[in-house]
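**Q** The chain contents come next:
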Amino acid sequence: MNNNVQIFTGCNPTWCPGCGNHSIIGGLKSSLVQLNLTPSDIRIVFGIGCSGNMNDFLNAYAVHSLHGRAIPTGIGIKLAQHKAPVIVIAGDGDCYGEGGNHFMHACRGNHDIKVFIHNNGVYGLTTGQASPTAQHGYVSKSTPKGIIEQPLNPLSLAITQGATFVAQTFTGDVDHMASIFGRAIHHRGFSLVNILQPCVTFNKINTFAYYQKNSYKIPSSYDAKNYEMSLKMASELNSFKFPLGVVYETERPTYTDQISHLKTKELVCRKPYAGYGELMKEFL
Amino acid sequence: MDVLTWKIGGEAGFGILTTGLSFSKIAASFGYSIFDYIEYPSLIRGGHNNYEVVFSSKESGALKETIDYLVCLNKDTYELHKHRLVKGSLVIFDPKDNSSVAYEQAVPIPFQEILDRSQGSPVMKNTIALGASLALMCDDISTLFGMIEKQFSNKGKEIIEKNQYFAKQGFDYVKTHAPSKVKPIFTEKSEQEQYVLSGNDAFSLSSVIADCRLYAAYPMTPSSSVLATLASWEEKTGMVVRHSEDEIAVINTALGASFAGVRSAVGTSGGGFALMVESVSLAGITELPLVIFMAQRAGPATGMPTWTEQADLLFTVFSGHGEFPKIVLAPGDQEEMLELTGKAYNLADIYQTPVFVLSDMYLSESHASIPKKRLEAFISTYRVNRGKTVEKPSGLPHLRYKDSPDGISERLIPGYPGVFYQANSYEHSADGHTSEKGEDRVEQVQKRNRKTETYLANHFSAPKVYGDFDTADVVFVSWGSLKGVVNRAQILLAQSGKKSAHIHFTHVFPLDKEKVRKLFEAKKRYILVEQNSQAQFGQLLTMSTGVAIHEKILKFNGRPLLPEEITSYVEKINE
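Going down the list, the sequences are from chains A and B.
Be aware that the first sequence starts at 1, since it is given in our numbering, and climbs by one per residue.
Be aware that the second sequence starts at 1001, since it is given in our numbering, and climbs by one per residue.
There could be a bad hint or two in this list.
Said to hold, decoys possible - List of simulated lysine-lysine pairs, DSS-like, C-alpha gap at most 25 Å:
# : chain 1 : residue 1 : chain 2 : residue 2
1 : B       : Lys1058   : B       : Lys1075
2 : B       : Lys1392   : A       : Lys83
3 : B       : Lys1236   : A       : Lys83
I should point out that these hints are in silico values taken from the structure, not numbers from a laboratory.
Assemble the whole structure, with the sequences as input and the hints as a guide.
**A** This is how it looks when you write it as structure tokens:
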């Protein structure tokens, strides 16, 4: 194919120099090219935050939605056009905080959407307040005495709530990201990719060096289909060890697979219904 | 016969609502125009449920003060409603429960004894009562038998026969013991069939007719039956009906589907709508079509969940941060609900903005009869109009938010090859990219605002005037579900020689200043009628047109306004 990453390139990014988002967009574009997709083939929903600002830098049929609400918007697109790949790009504050309820329930439903979370532990766009994944004691403008709560563990939350593809990657390794994104898009069902993405401007704890030191590649011998093992691996986040790769992968019918009237045609394509007469019998 | 009321009451959880609806359908099958109303506490068991059916040979769209037939399945029913009985009223009751019913009103039926004799379950008391009620009105039980057969069709022959048996027990008991109380009311079956629909049924049916393909909701009284009805039809209609985790997910899911090209709607009541409001604003700036069914109940907060009020008008009109166009329609009855729901879907597509169908408990859960011909006429004349929604761009590049004289831009359904665009919640330039430039901002704000002007010129309907405006001494002003109540009050006033007119609004927002003002220039006694405490439509009218109405009838105890309350106000208070 004559596909190349340039067809996905929109405006010039406005992210801080050195921000992990630059490599995320690079990894995403190359995974899309490898999957032979064009901007017209994909649907992307962007959340609000530094991650969501990718809306102007990446070409696609897209919605730049509200803070926290990218997942339900993506579900709506999937219900109407279930044959198109639907990707959600959002941040940790956006998806695990404001939109936490949607996240949990999207896992349950195994909605076939790919959720890529730029996880930097802070609210970058509002100048660095602590996010739900910030480490206990993290000092920020909104938590001057250190954050009281424990960090949220997105991997174990996703696995236990029914996600069928749960992975983690790191912006320090573009090739790894591209390959994980590709696998997530290829997977049928709810996919979470938790992207460890240092915020070079505000987060002085979870830096590139920090993740380089505390992360490791999941060995090829690991069986991602083993639920118990995956929970054990996911819980390593609680002791600040960060496995990189696919933590859990299983097969289960997706939400739209289980809607019998979506078996043949996409909702947007089907013929209008005209059998009102039958419905009206109820009212006689 | 002018108007009669039949009312049944008993303990919640014992089938009163089903029985009431059966009576409505039977009355409609005899050619009467019916209107019914359900009262129930926010409980599943216990408490007092009651259902009244008003039926008339003329149009009826309101309750009336007095009860002609009161069916008491327990003692409370009599105690709670006896003040509405008059000379000539009849009371069906079990003499075991009650010995205080006046002799000339009493139609005692030993419900419990009949049940015990033939091992009936407590819910079958309803069937006996329905049989007894019909015996007072007609000589033929076959209509009721047919209704029972239909109602229990999925429960098997045995249940059908058992119910028919108890219906006949009630029927025969009256024929034997109270023949002098029988009046021939249900005499001839009407040749013209009538449908009996609640406001929620009408919204549901019209949504299907309008080719709505995605309905998302989270249950909330009094909108919940729309979710249940559309879900029960899902496999036939092919609509996707989704009960999401919360109202925020509901509206964003609907907007996602709308972006992807399908007609979408959500339904809720005030509290649930409060959660959706941020995304109403999102629909405004992304210019996505959406129909929002808002069935009001008595608030604030949890308020009185199963009671009626019109107190979310201003909340709806002003919902959403920032400035964007919005259309609010408030049907006056079940038939207008059909018509305006269909219109709402077209307007949402034409104007690419949120359109509200504003209902309330009184309209949503009450049923009315609609002649088959009129319903079929609506279906055969309705046309889906998707405005500038296209599957193929008319030119390239496709500028999603291109400025235009009517404020509306072409909207491409995502998927067309070689093209892409974003629906952007940030302010944007014509191509959809985020922009904070002053000139882009002004262009887009003016473009969106212009849609309101286009709507007022092309689709706003001025209020209907009922009665003869020129000769009227009193002019009532109302909106939404009060249509039938005020119209009935006009009939009652005319009977005592008082001439009135009624200006009834269904297109409640935005209001066309010039078209509306004209109706308020006469030297008349204008009386605003609303079911809220702050005269919300009055405020909106003043804000939009400068018209101020000083005399007001406002009711806000959760109970529906009665026509007699309007007439007694008019007669008691002289200007």
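**Q** So, against the hints stated earlier in the document, which numbers end up violated here?
**A** 1
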